[in-house]
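Residue numbers (the numbering used here), protein chains in the order written: chain R, 197 to 690; chain S, 85 to 652; chain Y, 156 to 454; chain V, 11 to 333.
Treat the hints with caution; some may be incorrect.
[Claimed, not checked] One-sided excerpt, in silico: chain Y residues whose CB lies under 7 Å from chain R: (1) GLY416; (2) SER418; (3) LEU419.
[What the hints assert, rightly or not] Below, in silico cross-link-like pairs of lysine to any residue (SDA-like), each with a Cα-Cα straight-line distance of 25 Å or less: (4) LYS493/S / ARG365/Y; (5) LYS540/R / PRO218/Y; (6) LYS441/R / PRO234/Y; (7) LYS142/V / LEU433/Y; (8) LYS142/V / GLY198/Y; (9) LYS493/S / SER272/Y.
Note that these hints are calculated values from the structure, not bench results. Every residue, glycine too, gets a C-beta built ideally from N, C-alpha and C.
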Amino acid sequence: GGSSDTPGGTDGAASDATSDTPVEGGTLRAVFAGAGASESLDPFAGTSPVDFVRNDVIYDSLFILRDGAPEPALATDAEPAADGMSFTLRLREGVLWHDGSAFTADDVAHSFRYMSSPDRPLPSELQMYFDMGNVTVEDEHTLTVPTVQPIGDPATMLASFPAKMVRSGATDFSTENAIGTGPYRVAAFEAGRETRLTRFEEYWGGASPTDELVFSSVSDPQARVNAVRTGQADYAGDIPFSTAKAGIEGSDLEIRTAGDTNRTGFAFVLNANRAPFDDPKVRRAARLAVDRARLVETVLLGYGEPGNDLFCKGARYFSEARPLKRDLEEARRLVKEAGAEGAKVVARSAEYEAGYNDSTKLFVQQLREIGLDAEEQIVSLAEFFDPAALEEADSVTFSSSPLPLPVIYGRMAAYPSFALPDDEFGAAFGEAMAARTDAERRTAWAKAQDVMADRGNTVVWGVADILSLARTNVAGIEVRDQAKYPYLGKAGLA
Amino acid sequence: MTADSSTFLTAEGLRLETADGPVLDGVDLSLTRGESLAVVGSSGSGKTTLALALLGHLRDGIRHTGGRVRVRGADILPHAPAGVRGSLIGYVGQDPGAALNPYARIRTTLLTAAGRLPRGERDTTVRRLLERVGLPGDTAFARRYPHQLSGGQQQRVVLAAALARDPAVLILDEPTTALDPPAKAGVLRELGALRERGIGMVWISHDLIAVGAFADRVIVLDGGRIAEEGPARRVLTAPRSAAGRRLVAAGTRSTARHTRTPPASGRAGAPTAVTAPDTGAPLHGANPPDTAAGSDSGKTDGPVLRASGLVARHGSTTVLHGVDLAVEDGECLAVLGVSGVGKSTLARCLTGLHPAAAGTVALRGTPLAPDVRGRDRRERAAVGLVAQNPAEALHPRQDVRTALVRPLKRLCGITDRAELDRRVRDLLESVHLPPGFAGRLPGELSGGQRQRVALARALAARPSVLICDEATSALDTVAQEGVLALLAELRARTGLAVLLITHDARVARDASDRLLVLADGRVAATGPTPVLLPPGDSPEEQVTRLLTAPAGAVRPTPYDTDRGASLV
Amino acid sequence: MSGGIPTAPMSPTAPTAPTGGIGTGGGSGTSRTGPRAAYAWWGLCATGLLLILLGPELAPHGPTATPGPPYRPPAAGAPLGTDHLGRDVLSMVLHGGRPLLLTGLLAVGIGSVFGASAGLLTALAGARSRLPRMLLMRPLDALAAVPPVLLVLLILTALPGRVGLITAIALAGTPLSARVAYAAAEQVVGRAHVEAAIARGESRCRLLGREVLPLVAGALLADAGIRFTGAVYLVAAAGFLGVGGSSDADWGRLIVEALPGASLQPLALLAPVLAVALVAVTVNLAADSAGHRSRKVLA
Amino acid sequence: MTLLAGPVGRRLALRVATGGALLAVLSLLVFVGVDLLPGDPVTARLGPNATPERVAELRAARGLDEPVLTRYAQWLGGLLRGDPGTSFSGKPVSEMLADRVGHSALLAGLCVLLLVPVSLAAGLYAARRPGKPADRTVSTGALLLVSVPEFVIASGLVLLFAVGLGLLPAVSLIPAGDHPIRHPDMLVMPVLSLLLVASAYSIRVIRACAVSVLAGPRVEFLRLTGVRERTILRTAVVPAVLPVAVQVWLVTGVGLVGGAVLVERVFAYPGVGDLLVTAVLGGDLPVVQAIVMILGAAMLLALVLADLAVVLLTPRLRTGGAV
Ligand SMILES: Nc1ncnc2c1ncn2[C@@H]1O[C@H](COP(=O)(O)OP(=O)(O)OP(=O)(O)O)[C@@H](O)[C@H]1O
Ligand SMILES: Nc1ncnc2c1ncn2[C@@H]1O[C@H](COP(=O)(O)OP(=O)(O)OP(=O)(O)O)[C@@H](O)[C@H]1O
Ligand SMILES: [Mg+2]
Ligand SMILES: [Mg+2]
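Model the full structure from these sequences, guided by the hints.
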């Protein structure tokens with residue numbers, strides 16, 4: 197069963213998880229945004245939706261996320277040591293690689309080393325938590341993994357970051373050598389164009405329904421829509437709101453949402469390290485000033501709802517609180533009180549995702565209404581995350597899908613311009629990371645998010661639906677970690 | 085005048101106008117099959133306009149306001165029906181250089197004119213056509229492009245193209261102006277043969293002698309009207325109209341010899357010019373000459389312009405192999421040579437437009453840079469050139485005034501507006517053009533008018549040496565006489581030296597002091613004109629003899645030796 | 156042309172005013188649009204120009220105002236509806252003309268003048284001198300070898316803002332302009348009147364401007380006219396790449412931004428496209444008629 | 011006549027030599043210029059996922075903290091050995107470019123192949139009727155086409171032919187392992203969109219040149235001698251127009267190789283233009299540098315060819331005549 201059975205909050209859009217179950221056989225053709233020639237079968241190299249979606253069905257992780265909670269996959273258990281400074285990883289037995297060899301602890305040790313190698317273009321973020329080079333293999337199916345800070349819930353971390361398992365010794369991921377344990381094996385691959393995958397009959401989780409999966413990379417959203425519309429594909433991921441709003445004629449097509457626990461939170465992260473947002477009052481004023489309804493209507497075209505300034509709605513331990521009401525009077529008062537009237541505010545943005553720049557433009561106007569001298573700074577993608585420039589910016593436009601809370605807050609803490617310098621928050625965050633039981637974690641996260649809600653530096657103004665276009669008979673599509681990268685290992689045509 | 089049944093081409097009451105007035109007014113004309121009709125008239129009298137009208141074409145700016153032109157009874161104005169031009173009426177334009185397609189080889193031009201031919205016949209057709217006009221028929225020549233031909237060669241190619249389709253009538257607008265006497269004789273023979281074969285001709289010419297030998301009937305145009313018409317013999321011997329009388333008189337009278345002033349040392353134009361009474365001198369009047377010609381610095385002995393050992397190449401072929409020449413103040417040196425021998429190239433070498441590959445050009449003893457860009461203002465002003473092709477020599481978008489003002493400003497440094505206007509008026513007057521022409525564009529001028537503008541432009545800077553490359557070829561006899569008289573006067577009064585490149589034997593004989601004959605890229609002969617072309621005989625025949633004589637048959641004359649210059 | 160020349164009354168064929176020259180020009184088939192039609196045409200152009208230049212003053216809303224919901228169809232307050240941000244399309248179009256026109260015309264003007272001069276100078280120097288070829292054409296070749304998008308990026312990095320944008324567009328257009336000019340002039344420079352001018356020692360400026368330019372102006376104007384639309388979209392591309400220089404309401408930007416929602420609010424796309432098209436057609440036809448005088452003679 | 015031995019051969023040799031020198035200059039400009047582009051390839055690649063320490067680490071690992079000239083020398087060395095380096099995505103640049111350059115060249119080549127007859131025909135058609143309604147129609151039509159951006163035209167074509175009529179595939183989803191040439195149905199609309207946009211420039215320039223030639227004395231003379239209009243066009247007008255037109259065609263064609271970004275996007279065509287923009291946006295400098303070098307070399311080659319074409323097509327220059 198899928199995770200997102202909750203019906204989509206938006207009228208006219210079907211949920212991604214339909215009640216139909218796919219029938220045996222056939223070919224499912226799906227189009228996703230790609231990264232052109234830099235796409236890769238290396239499961240740690242890809243950065244685009246099609247990379248994630250493709251590599252998800254070729255390779256497996258140790259744990260997967262389901263409803264925000266870790267679920268065993270190639271590993272059956274990750275048990276932290278008493279001091280939290282290491283954990284024992286037990287692997288599933290009877291798992292076969294696509295070439296027929298058996299999956300063992302050596303493969304895991306190699307995978308850990310490979311993904312965290314400093315030579316990689318994108319060394320795994322897991323090394324912020326685990327000492328991945330110093331894994332010890334206890335036996336064929338057991339390993340011990342040291343950590344760099346106390347980690348109470350290693351399974352969640354292993355599930356949250358792309359940590360696919362590759363065969364021991366694998367460094368080359370050309371079409372012939374892209375060997376995983378997943379439900380599909382590679383038949384043909386051309387970066388930026390197409391991947392053809394055939395079913396792996398010996399898959400440990402039970403063979404998939406569909407004979408063949410074909411993924412095409414199509415960067416332009418309208419082109420993805422056109423591909424489905426004209427029958428060149430069955431499923432298109434991540435389509436624009438305007439397409440949905442305009443509607444698609446054709447009785448066998450439907451626009452689906454990933455459900456309201458799988459929405460993307462859109463935010464402005466305020467730089468709490470410099471004036472004026474170093475003053476909690478001004479931060480609060482900005483949150484009071486933002487016209488959430490208007491932003492949702494304009495930027496999301498109504499596909500979503502106002503946010504409550506906390507990231508990761510839908511994730512585990514998320515604090516549901518009511519969004520602040522817009523109150524310009526109060527906001528102006530706070531600004532005046534903080535002596536920040538006419539303060540210069542630079543709102544930095546790049547079109548990292550659709551809607552960044554538009555929301556920034558509107559935000560700037562709204563900030564001006566409360567007496568701040570706001571101006572947008574729209575830059576190219578390549579410049580966007582330049583650390584020096586980020587430190588100079590007062591607000592950075594940002595978004596996140598409902599990642600597990602440790603991931604998002606860990607990331608923000610690591611970025612000086614995103615971090616919230618607040619002792620209370622820091623303590624609660626540390627507690628949450630080290631907590632070993634569910635209850636402890638729940639209280640610690642509640643505490644941390646209370647601080648964020650009170651004087652935090654994130655203005656999560658809305659959560660946006662993730663839309664896809666599918667033929668009505670496409671079934672079995674699941675959301676695991678992020679709805680933009682759905683899991684198609686169980687999908688097929690009904 | 086009504087056309088009888090054999091009439092092929094008629095014009096009835098033809099009236100063509102420009103914005104300024106009529107160009108042709110009530111012209112009646114008829115041509116029967118096989119007849120040869122000559123149209124003569126002073127420059128600008130409307131001959132070319134008439135010829136074009138007979139082809140059903142009006143130049144821009146000319147309107148058809150009355151009368152008609154018919155071919156075999158069908159109107160061809162304002163639009164000529166397909167099939168008239170080329171196959172019925174062939175045309176040889178006044179300005180071949182401007183007419184040939186620069187992108188087509190000679191062969192292609194001829195084949196295009198000949199129409200559809202079986203593949204096998206093409207080579208022979210091209211050869212036959214080229215040989216008919218006295219050009220080499222070999223493949224290498226047929227593969228040349230127009231820019232690789234001399235002016236005379238170009239003209240003959242155009243003629244060959246017109247013959248290609250054996251039209252019923254040929255309209256020839258001054259078809260021999262750029263031809264040397266032997267070549268001209270050849271072409272005339274060829275045309276005579278055509279006439280024998282019953283091909284009609286309308287022939288526009290300034291060359292009354294050729295006309296007399298050739299035409300059945302002559303029409304004299306004057307200011308766009310027919311001044312008189314009649315059998316050739318009668319019109320040329322006893323013209324009844326004033327215009328006809330003028331033309332004939334000028335054409336048969338031996339131009340008064342303009343001998344050069346004695347080459348006494350120290351004699352120069354300067355004192356003469358400066359002290360000249362301010363009265364009737366249109367050109368070198370009130371203003372002291374401001375060029376080297378007039379300054380006293382260069383008043384040394386010896387020639388004003390001397391070239392020695394000039395070698396010139398076009399690509400890999402050498403055209404001039406070491407030419408020596410010298411012109412003295414006030415002297416007129418005529419350069420003769422068959423068409424294509426390199427006369428224009430020589431002129432361009434002297435002016436620095438075609439840098440010589442070897443040899444020197446010296447102005448009053450000072451060597452000049454081979455490339456005109458390397459010469460200073462004085463040096464540029466001192467050597468004037470009237471290029472062979474007047475149509476190309478004038479900027480199509482610049483009016484006559486601008487053409488004349490530029491050298492005045494640039495080379496004489498005159499900036500005063502009134503002074504400029506006065507000089508422009510004087511210059512135009514000196515070449516017998518009305519001052520109103522200052523506002524015209526070259527496209528609105530007749531061929532002869534353009535040539536006179538080009539001449540006036542060359543004179544504007546008051547050069548010490550004037551190189552005239554066929555500067556009178558497009559002029560009628562009256563105008564020609566005027567121009568030669570002007571040159572003579574300038575020579576006498578200001579010491580202007582003239583290098584006269586010409587095919588016109590009569591001009592060479594009557595206007596020059598000395599002759600220089602080019603053959604095979606070398607100086608074949610040189611000497612005083614009276615020696616080489618003694619008066620009396622037909623100058624054409626003498627020149628033909630000179631040009632066809634084996635190299636070295638004519639020896640340098642004592643005149644050269646006694647000047648101490650070895651010229652051969 | 157002939158202004159100020161004393162024309163003697165005796166002249167049988169006194170020259171007429173300059174219009175005579177124009178009227179008689181134009182080759183065998185050129186239209187003889189009367190002066191009336193020409194005035195009407197120029198009047199229309201002038202009106203359009205004025206409208207564009209005054210546009211920002213006429214616009215009912217500011218360039219950043221968002222008076223309505225996004226993608227609203229035409230209604231009383233907003234005759235062309237609103238765009239993706241809820242901005243009034245009419246106002247945006249009115250705001251977008253002036254910056255675009257000024258940037259475009261300036262950039263194209265500079266680029267074409269520079270390119271044409273380089274091309275003409277080189278053609279004029281001819282085979283005799285390699286120097287202009289080496290100093291002008293070869294560097295331009297190198298410039299041509301840099302893709303325009305990258306050129307824009309590089310220049311805007313070094314020189315942000317409108318000046319950079321103008322420089323970038325001008326430079327992007329220069330190489331081809333130079334080549335078109337060179338190739339066209341190459342057919343003309345051998346003519347005897349150019350030689351005569353060289354022999355007179357005319358300055359290079361005069362040689363280029365008076366002797367050669369009029370004979371190749373048609374091709375150059377056609378080149379510059381089309382380049383103008385190229386400039387419009389280079390401005391848009393700069394915006395698309397997130398590098399500054401263009402204002403919010405440049406028509407190019409408006410078009411790029413309106414495309415995703417074209418099915419919801421086609422007017423937001425059509426209005427700026429139409430505006431660009433109108434200006435492009437006008438600019439080009441104006442260039443044509445300006446070149447009309449000079450292009451009749453080339454060969 | 012052996013062309014290569016004559017003046018043409020000398021010119022060509024010289025041009026090729028200067029072309030090589032220019033390429034060297036270009037390489038330095040490109041490397042340094044691209045390096046100076048704003049943005050940091052490492053942060054651009056890592057996005058918000060990286061801590062500053064990791065960024066610094068990665069910069070060191072990629073050798074980005076060495077002086078630019080050192081890196082240039084290394085890069086140039088690699089280039090000469092046929093190795094343009096490694097993309098920030100970890101893939102060898104050569105592998106990323108391998109097919110895409112060819113695919114884009116195919117698109118551009120097909121476009122130019124059609125552009126030549128289309129622009130000649132339209133340009134001459136208009137030029138023969140200057141100022142007449144036919145001329146206005148062609149000119150205005152061309153201008154309208156060029157002023158509508160290519161992605162609007164491309165989208166319009168998709169709406170018409172793919173979504174509306176269902177005649178052609180909306181997206182060029184070329185199967186893995188296949189060459190686009192094997193799927194002509196997927197090439198039709200991309201080529202057509204490029205053609206519609208690119209032809210305006212050629213048409214206008216050709217028209218302008220042809221108008222002046224047609225009004226000149228040579229054509230007048232040919233007409234007077236009864237040469238048919240068609241022959242006049244072929245022998246006198248086209249040759250005069252070609253030297254200019256060839257420049258435009260070649261430069262347009264090469265420009266399309268890297269410049270058809272938006273059309274490639276609309277049709278998801280696997281070309282190099284999209285890659286270039288993606289790489290620029292993503293700060294993937296090695297890829298940008300390699301693409302720009304390839305496009306630059308192609309452009310320089312095209313320019314050499316264009317120069318050669320002018321010489322070959324202008325008899326006065328071909329025969330090495332006077333200035
Ligand atoms: N650009 C050129 N390339 C090659 N050959 C040329 C070129 N120009 C002229 N020639 C050749 O050089 C020779 C000399 O030409 P030039 O024009 O000097 O002759 P010319 O004596 O003036 O003849 P004409 O009396 O017919 O004008 C001719 O044979 C001509 O074919
Ligand atoms: N397009 C024009 N516009 C205005 N006037 C013109 C035009 N063409 C010719 N003329 C004038 O018409 C008159 C006749 O010109 P035409 O060319 O017929 O003379 P022509 O008899 O051939 O003279 P030439 O012997 O000098 O060639 C001249 O005065 C000339 O200036
Ligand atoms: Mg005449
Ligand atoms: Mg000659």
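These are the hints, each one checked on the structure:
| no. | hint | in the structure |
| --- | --- | --- |
| 1 | GLY416 | holds (4 Å) |
| 2 | SER418 | holds (4 Å) |
| 3 | LEU419 | holds (5 Å) |
| 4 | LYS493/S / ARG365/Y | holds (15 Å) |
| 5 | LYS540/R / PRO218/Y | holds (21 Å) |
| 6 | LYS441/R / PRO234/Y | holds (22 Å) |
| 7 | LYS142/V / LEU433/Y | holds (20 Å) |
| 8 | LYS142/V / GLY198/Y | holds (21 Å) |
| 9 | LYS493/S / SER272/Y | holds (24 Å) |
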